[in-house]
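First to last, the sequence lines map onto chains A and B. When you line the first sequence up against the working numbering, it's residues 1 to 276, in that order. When you line the second sequence up against the working numbering, it's residues 1001 to 1795, in that order.
Read the hints as simulated data drawn from the structure, not as lab findings. Note that the coordinates shown come from a computational prediction; the quantities given were computed from them, not determined experimentally. Check before you lean on any hint, since a few could be wrong.
[Unchecked claim] Residues from chain B shown here face chain A by an in silico Cβ test under 10 Å; the list is partial: (1) V1158; (2) L1477; (3) F1478; (4) L1481; (5) F1563; (6) N1640; (7) E1643; (8) N1665; (9) D1753; (10) C1755; (11) D1759; (12) R1766; (13) C1768; (14) A1772.
[Stated by the list, open to error] EDC-like, lysine to aspartate or glutamate: derived pairs with alpha carbons at most 20 Å apart: (15) B:K1461 x B:E1646; (16) A:K68 x B:D1170; (17) B:K1137 x B:D1170; (18) A:K64 x B:D1759; (19) A:K68 x B:E1507; (20) A:K68 x B:D1650; (21) B:K1526 x B:E1507; (22) A:K68 x B:D1651; (23) A:K68 x B:E1643; (24) A:K68 x B:E1202.
The beta carbon of each residue, even a glycine, is placed where N, CA and C say it ideally should be.
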Amino acid sequence: MFLSSAKNRRWRWVALLLFAAALAAYLWERASGRFQHGGSVLGLVLGVAAAVLVVWLLFFAVRKRAYKSTLGTLEGWLHAHVWLGVLSAFLVLLHSGFRFEDKVALSAFLVLLGVVATGVLGAYLYQSLPRRLTGVESNLTGEEISADLNRMAASMARLASGRSADFQRIHVALLAESTPRALAGWRLLFTSPQAREGGKGWEGLLGRVESGEREDLRRLLVLARQHKELHQRLAVQQRYRNLLDAWLWLHVPLSLALVVLLAAHVGAALYWGIDW
Amino acid sequence: MEGTVSERLDLVIVGAGPAGLSAAHRAQANGLAYLLFERAPHLADTIHCYQKRKHVMAEPSLIPQLGELPFEAGRREEVLGGWQGFVDEHGLAVRLGCEVSAVEPQPGGGFLVTAGGETHEAAHVVVAVGTQGNPRKLGAPGEDLPHVSGRLVDPAEVEDEDVVVVGAGDSALEVALALAGSNRVHLVVRGPEIVRAKESLEREALQRQAGGELTIHFSTTVARVEAGSVELSGAEDDVTVAAQRVYLKIGAVAPRGWLEAMGVEFSGQGREANPRLDHRYQSSVPGLHLIGAVTGRDLIRLGINQGYEVVEHILGRDVEPADEAILKERLPWWSGTVRERIAELRREVPILGRADPEVLRETFLTVEPRDYADGEEIVRQWDYTDSFLVIAGGRVAIRHRPEGGQERQVATLEAGQFFGEMSLISGRRRNATAVSVGPSRVMEIPRKAILKLLAVAPEVKAEVDRAFLIRAFQGYLFPDLAEDVLWPLARRAHLVTVDKDEVLFAEGDPGDAFYLLRSGMVKVAKQSGGREIVLSYLVSGNFFGETALLPDTPRTASVSTIFKSELIRLDRADFDAFLAEHPELKGGFLDKLEERRVATLKAEATPGSGDVLSDLIREEVVIGTDALIIDDYKCVRCSNCIEACEGVHDDGQARLSLTGIKFYNLLAPNSCWQCENPLCMLDCPPDAIVRDPRGEVYIKENCIGCGNCEANCPYDNIFMVHPEPKRHLFSWLFDLVRGGDDDGGRQVAVKCDLCRDVDGGPACVRCCPTGAAIRLTPDEYRARLESIVVREGAV
């Protein structure tokens, strides 16, 4: 699991140390009465530090694509991104002095919390999913399963060709059960494919066709069951893969929103004066 | 005698290939009365018969080209078009479709040449017919039917047809493979297996047979060809297969008989024998000259130069060979003409004395003469260089450092001796360091040049093999014994080739021989408690089975091959005879054996050792010197490794794909492992795929896209791609006007080069956000893999 890498464990200590230092300074200033709000000296120091940190955290997206960069490994950058990202929320909290009166600042903070929360979710998914995904992948890749599915569907079509209309209808219905519908990828995120059982109530279908076609229908049902099971296996793989990507659809837009709100907050602070 | 005798010609040229055309132009430029006869109805029949759009090479590129015949590497159509234009422009006297049926030397000198029903008198004849000769016949009824052909022009024109290809050589397999998949192809092979073709072609043919794309009929001959079908006669039964097209690729009859009938003498009886020629290309028949492929040197550029030179010689002018200047640079320590220099060198270096001087000219084209000062390193132990080195002057000390031990001198080589054969033969890293003792002169011969020499000069090869064996004896068994003492033993050894997965001997068998592994890999294993314990895997350069050399000692372990291997076998009886002659060696030898026995016991006492290693070996990953491994338990499937790979290479092509060999939670993806013995380097026509001393195998820009390396890589780790043209802001506008870039579907080979031009090492590893991608060298395999493997994972 990636966050357990010994080589990059130092970043969690760096984050913890910085947090401890910031907290100590805050408590000291607070006790001495010098810390009134974010515009006081320590408040400003913490605010500027958090803003610089946020900009640096955003720079991760650039570093990720700077393939020739020799500025550390991307693994080290991600570790730093995770731990210093969590730190940024605490720094902003101390910067605010626990006062949330300014709506722009409050919005920026809430969005920051959203960014951090989705980031923590991503880190959790990165920690836990690869192992489970490897388990369901076993020896078969998605492409190999797809090829198997196509072969089975072709066999089912061969069985159904030239049969009665009832037989054909059952064939179409069976295929439809495992055909992806609109937004299937997103649906997968919220439903567990493993929970759905294939083949329930299919036995009753045998009565719908002439007795001469029953044996072939039985073979069709066996194929359909295998098809569905394999399809579910592919769906589970895809679900994990989608999950590994999906959190970024929250994390990245929220980060962009944060940039806008942070700019507004800094602009407002500079325009209206820092000594509220 | 048929026809009439026309006016006397100065020169008749037979064959309108590049050599003949070059000679014709030179003759015309000098005002000679000449005629050029060509049997085929077109120029350059050999190249004309290439498949459409085939790339024609212009090697050796180092040699300047003489004469004006245009020629540079390019597509078949461009080369042929260039020559046709040249013939038209200069009005060369070429008679196409006119076969020369007789060349008769006349008593007073000159020849009577009969061609196309006419007889011509000529003072000189130049034969430039190539080696195509006459295609062999099947001798079966129906082989002259119109759907039977010796040549596939364009594979793209044949689709969804029944095709029969007859033959088992390279060209037969190339035709069958080009048509398989899009047609129903039957390959008819006379023998029980394919033995003459390149290994890569054979492998592909067998794979495609297994995949149902190709049907191979072994031990089968063609009984009859009919319109629409072919009757085959097999070892067990006869079958008739549908055939809309039949391709006969059963070789050609060399024109040797025709030449001998004119009185031309050959250097020997074998297939590799060439016509005896003097340095003016004149045969044993005065006035009859031979040039081009028929002389045994089949490179187009050489043929063109010979065409120029031969006319100059006929005119009585002494012309310097085109390679003279460059060879003088390559052989700077001798004086006189290149011929004199080579003669001198052959006297000084016995191994080269066994090779033909004309063949050596080609070998020396790429040789690097190097001067070394006292104490200067020539090669370094563990480097991945694989050239062959000949000492032309001075002395060289060979020093070996065993793993974890002290470096010690194992030999001092004198002028005339050679070294580097161990790496050359085994394809492994240098096993010793060579240092100049006093000033020395060393000729470094590149791997490809020396391999070509070994292929055509069996005596040189035998000498190199013997030296390999002697130095292996010195390295492992008798470190202090002089070469001349070991010669009698080396002479008794013989080479055996063993297929993959063969058992060489089993535990408990009586010991009868010991082996030195020349190339390949073997597994040493014992049975314990009903299961196999692998003791070790041995790669080329190692020896095994030496306990068999002790009296009445059964085999203590089983040895089987992992890959197809070449072994040097020494029988016990021969070894006993040697020890009987040298009783003083027996004591030291027994000590060595004891050392080996203790090492074996230690390996057995290490429980579980080699488990992951065994899996890797089974999957052949371990032969890589720098393998990419992905830990699937860390991999978040973001594909950043692939994007990074695309991003750091100018052509925008990735050198890895996330498919490959899976074991436990690890994936060895399809990405070059930098094999110890890279098969991809075996057959690269322009020598574009090379290995640098650090071990990285990379492809240079002169790749011609022939696909040999892709076919030779057994692991599918070389990719053929269409290079992306460099784009600029207004590319789209140019595309609109010109209709886009037409690179003619040009392909080049790409493979992982470990990001050799990028600071910081392989981008795939540096750009993996979770540290799942790692690179491993063989030394790290065991320790690091054991630390990251999770065995309960799915297999």
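| query | Among all the numbered hints in the text so far, which are the ones the structure does not match? | reply | As far as the earlier hints go, 1, 2, 3, 4, 5, 9, 15, 16, 19 and 24 are violated by this structure, in ascending order.
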